[in-house]
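**Student:** Working from the sequences, and respecting the hints, build out all of it.
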Amino acid sequence: MSRIDGPVDDALLKLGRHLRRGQVGEDLRTLHQIGGRRGDVFYRDRWSHDKVVRSTHGVNCTGSCSWKVYVKDGIITWEAQQTDYPSVGGDRPEYEPRGCPRGAAFSWYTYSPTRVRFPYARGVLVEMYREAKARLGDPVAAWAEITSDPDKRRRYQSIRGKGGLVRVTWEEAAEIVAAAHVHTIKTYGPDRVAGFSPIPAMSMASHAVGARFISMIGGTMLSFYDWYADLPVASPQVFGDQTDVPESADWWDAAYLMLWGSNVPVTRTPDAHYMAEARYRGQKVVVMAPDYNDAAKFADEWLAPHPGTDGALAMAMGHVILKEFFVERETPHFVDYVKRFTDLPFLVRLREHDGGGYVPGKFLTAADLGEEGEEAAFKTVLLDRRTGEPVVPGGSLGFRYSEEGQGRWNLDLGDVDPTLTLIDEEEAVPVSLPRFDPAAEAEDGGGVLHRGVPVRRVGGHLVTTVFDLLLAQYGVGRDGMPGQWPAGYDDPAVPYTPAWQEKITSVPAAAAARIAREFARNAEESKGRSMIILGAGTNHWFHSDTMYRAFLALVTLTGCQGVNGGGWAHYVGQEKCRPITGWAQLAFGLDWKRPPRQMIGTAYFYLHTDQWRYDAHTADVVASPLGSGVFNGKTSVDLLSQSARMGWMPSYPTFNRNSLDLADEAEASGREAGPYIAEQVQAGELGFACEDPDAPENWPRVLTVWRANLLGSSAKGNEYFLRHLLGTDSSVRAEELGPDQRPKDVTWREEGPRGKLDLLLSLDFRMTSTTLFSDIVLPAATWYEKHDLSSTDMHPFVHAFTPAIDPPWQTRTDFAAFHAIAKAFSTLARTHLGVRKDLVAAPLLHDTPDELANPHGLVRDWRETGQTPVPGRTFPKVVVVERDYGAIAEQMAALGPLADRLGATTKGITFDVEAEVERLRRINGTVHGGVAEGRPSLATDVQMCETILALSGTTNGHLAAQGFATLARRTGTDMSGLADEHRQITFADTQARPVPVITSPEWSGSETDGRRYSAFTINLEHRKPWHTLTGRQHFYLDHDWMQEAGETMPVYRPPLNTAALVDAAAGAGDGVAVRYLTPHSKWSIHSEYQDNLLMLTLSRGGPTIWMSPADAARAGISDNDWVEAVNRNGVVVARAVVSHRMPDGTVYMYHAQERVVDVPKSETSGRRGGIHNSLTRLLLKPTHLIGGYAQLSFAFNYLGPTGHQRDEITVIRRRSQEVDY
Amino acid sequence: MNALDVTLWVIVPYVSLTVFVLGHVWRYRYDKFGWTTRSSQMYESRLLRIGSPLFHFGILVVALGHIGGLVIPKSWTEALGVSEEAYHLSAIVLGTIAGVCTVAGMAILIYRRRTVGPVFTATTRNDKLMYALLALTILLGLAATVMANIVGGGYDYRTTISPWFRSIFYLQPEGSLMAGAPLLFKLHALSALVLFAVWPFTRLVHMLTAPVGYLTRPYIVYRSREDRAGSQPPRRGWEPIGRP
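Chains R and B are the protein sequences, given in the same order. According to my numbering, the first sequence holds residues 13 to 1233 in order. According to my numbering, the second sequence holds residues 40 to 283 in order.
Hint data in this document are derived by calculation from the structure and do not stem from the laboratory. No incorrect hints appear here.
Per label pair, the in silico range of CB-to-CB distance:
(1) B/258 / R/1173: 50 to 60 Å
(2) R/52 / B/131: 47 to 57 Å
(3) R/17 / B/80: 21 to 31 Å
(4) R/993 / B/258: 56 to 66 Å
(5) B/275 / R/179: 29 to 39 Å
(6) B/252 / R/46: 12 to 22 Å
(7) B/275 / R/129: 20 to 30 Å
(8) B/109 / R/48: 33 to 43 Å
(9) B/146 / R/44: 42 to 52 Å
Backbone N, C-alpha and C fix where the C-beta goes; we use that ideal spot for every residue, glycine too.
**Tutor:** In structure tokens form, the structure reads like this:
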């Protein structure tokens, strides 16, 4: 035995043999003892759980990871990741492992101090209610008295958020809620009731049950995707699709991956392994981020553009790709792709501009060439290269709905070879193009570029192709073209060269050009396997749609879109409710009443929190120097009301009178409701509520928030919410608009109302900012305490929530809570409301013939032209719906007759579900007696889940096959083989294991034969058109307002407030003026987990603002100092995290750090020191309000103004280090 | 002997020692997981590496010296032929070296504790009190020795203080022996008694559990199960079936 230690050690160890029991090994290394293992019991016991239950994490994380929940003695002990995801095939890594520390910390909430265990109500309100009810003998009368007495209103509204919640019983809480709803519907109209609950995919039944109640009583469901600014408006603009992206396993297929403003390891933690793994396969990873973030650590290359300037970098990369891969050398793969799948070969008319020269006008359509018929204006035209003649190819919108378009709505070009450029023509004319970069003002011509395009005349119209316009836009010159062109990549003066972008973004010109070249070269060699993962870093800006169009240009020009391993991959609050048809049917009560009321969330809150009263931006801020001036002097709210009155965007509350009374009036008039209402409005007898939003009859009165934390997470302009919507203390510092700044079409009331909402109701399992400000808080079951369904776009599975324990204390599932409310409501409504007719004004909808309402995207404002508004064309559609208010609870609990009578429609495809309803009768059982006699039961959450699965193509192979057959009749192309499996997924299947979904026409990609999902592969491979004007992916948008904004094509627009930043810096005093960004954090999913003890220990905990050492030094701030950030919108107190990973001039306050953890009082306001959204506010981008035209038509969460927040600035200074709570 | 002397030299010692003993028992029973040095090595180790051994070896020698001086009667050493002068000289030499080490080590440790941010942040009020008492006791002891031997003509505590100390344990306390001792010795003894009283409630408990066993223990310890392998006390529930 060789000696390991020295003689002293050995001597000691030898001595030790005599000092203790047990056998010391010969080598003096080991000691053998017997017994003494009582401590093991603790660890052994840990794993002797009673049961393991499959569940997942609900609404606010898109990970949709399946988890094992361990239960012992009826107590949830902990959770662990499930490992049984179906294999994705032998050639790539599996989805397992899947999870993150946040999910692993969830069970802490179950028994945590923040858990809401009992129903609570605002004490003052309950006292007044009980007194009034005892005196008046009727809940509705009691509610009416409290809310109509200004003094009583003030008493409970002004103390919102200041404690004073007391326990009440479920019965009393439900009664008050019901009384509020009944009173509001009776007095003001059902559209004064609203519901807010986001991301249905992450607990479909819980979302659907509440939305079903709100929709069936005629209330308004508020959109969330656009409100969260997660909707990339460029997606409807370019693809005619809300958002469709690859699953994360498809990142593995990419050979070149750019992460642009997306911090995948932090915000898509369970999927990030694919990014790491793909690098071992040779994938190159390039990260664009202003800070050295977690993703940058994985990158082969890191480019750090200044925040918000990403569009400039993308434009320069587009410049390089167009020049090197289209002009200097024609890349066959790219040219072939753009000819077939984009609008680049289509012809655009050039219009003479008042200022001289030409500007791009409208698409040339068959109507311009003399074709008759309504659809002719929606058939776009290209030139056949073989004959030189104009051709009207199938696939455009004009073929989508018409009889003669049957079988021709496809991308087949036959023998036609589209002409991409007219460069071979004799003639070229200069066109004027707007530019918005900061240098524009200094240049000759003040923001206008003059560049030549080749043209010819077709049917008397001077036309060119979109491709030729795009080259002019990007500044890619060709011989013989007149106008100003860059001298080369190193020309810094003229857009959009690499050197030009360097001035703006700080990214070296050579790097920008090289990355662009690599990206395109890879796409050429791999046939489209270059991918861009996009994130909130680029999507939450005012001008994000222009940025995204510049990004999408990169993947579309290089033929990557619709290819596995290629294209855009946008992961921002995306919510892929895969069984969408079944969910929508139940969530909006479409089986009983149509249409439901659905409202654009951003506009709703912009109006009703009165942020418009402070918004000095006028719409001309976005206007192009080449515009006609229609935006001049108009405020955003003017354009909002214009959009509403033309039926472009929904507007609820709609009219300034009760829609129930309007329905009666219309009936009494003996005329059709539509024309009657239109005339009333035109005559000024009836007004739009949005034109006088501060009038008490137009206020929203009741708002229910569930599965959401509106006031702690998403409420941009938090302080305005507090002041105007809730009527409590706020730290708004902005001044209201002066007389000359006020809107023209919207009534200005001298006093901005304080406290519009009569009732804020929230359902949650933990105390959040929203519950703290609510009047009634109902205790909800957690995600480990209910049945539900989850799906995501990150993986292709649908799987179940299963209760590990029954809801503890007095908590209830959302399903049980809304049914309790519905029962209480129906009881009161039976006498107070009865059966009523309700007049619903619905906007012009996407994926319906409404898209044909405005040919050429012309603005046809009846108020300006004086013409009679036509409902469904130039005015919202007017539909009268009958509501049996006493039977709402019964109807909610059964699948209604419209499902089989009218079918279920998703994205223009109507499914006949008669057979499925019959099957549901057998699975769920039927209802006996009452209004729902004989209908399939929806009385439990499991039945609801079963119904969602049965009525969707992705989870019911029969419907998928039927949907493809329906689609194939319209396209005339072969859709066979996509959904031949006729597999049916039941709820029990999803409880047993995550189940892969079925390829369905509800989505655009194929998963057939275990293929990884990538968006638009069906479009490419089965020649199915995109849901756009041309049926192709759009570079060019010819709507009037897009032209007015100068955004017909991809363009660079800088972040707002760039100039204000300079001013603020001058007046910052001892502080520092910085750009204020609120990215998503490593330690929370929105506000969830930021209050979780386990997660708090992994971060610094409490509110923090990250800043660079240089900024900190300028303001005399050291790490961990208390600081105060102040701007016009409010105040935030936080501690500084000084880190060299931050760029100068920008601070991060990670999103959704709430007031519930360590928020002291502010020195500036003397009030509780705000949250991340105290410094933000809403601004509407007018182009997001466009509707009624092709892909630019409204659908819920598909299109609408975004509630972005990135363009904000603030002044930060060091504050007294003594903080007071 | 007046009432003050009785209080100080009879009552206080018994109270202090009782608290010392019972406090440790209580702490061991109710705060086993809190029985720790609360090491701050994780926050700072450069100064600690010098200060801690210096202090601990110093204080160990000081402790041994106290045992020699207080517990062993003068008659025993004299019987061994150690003269008062020889004893005194060795006590002074050893005591000075140990005392200097202790004080220097303590100074480094206190300096470190105050100036190194993370260490100071991890310092509780309990720690601060303990440090104050410990430092006071050590400094008073040092001062008493210096005043008596170097400045003054020497003081033979083995005729007064030591018998008093032993008398406490014989349960025949002779408080009067202390009444005549020099002031600094009295103060030193009193502060030590207070220190003993708070001892069980501070991190000083680690003295009783110094990990000396590690010196002689192999690194790898295997524990096989006892005969009742794998069994654990039956849990609440139905009586097991199937076994007669």
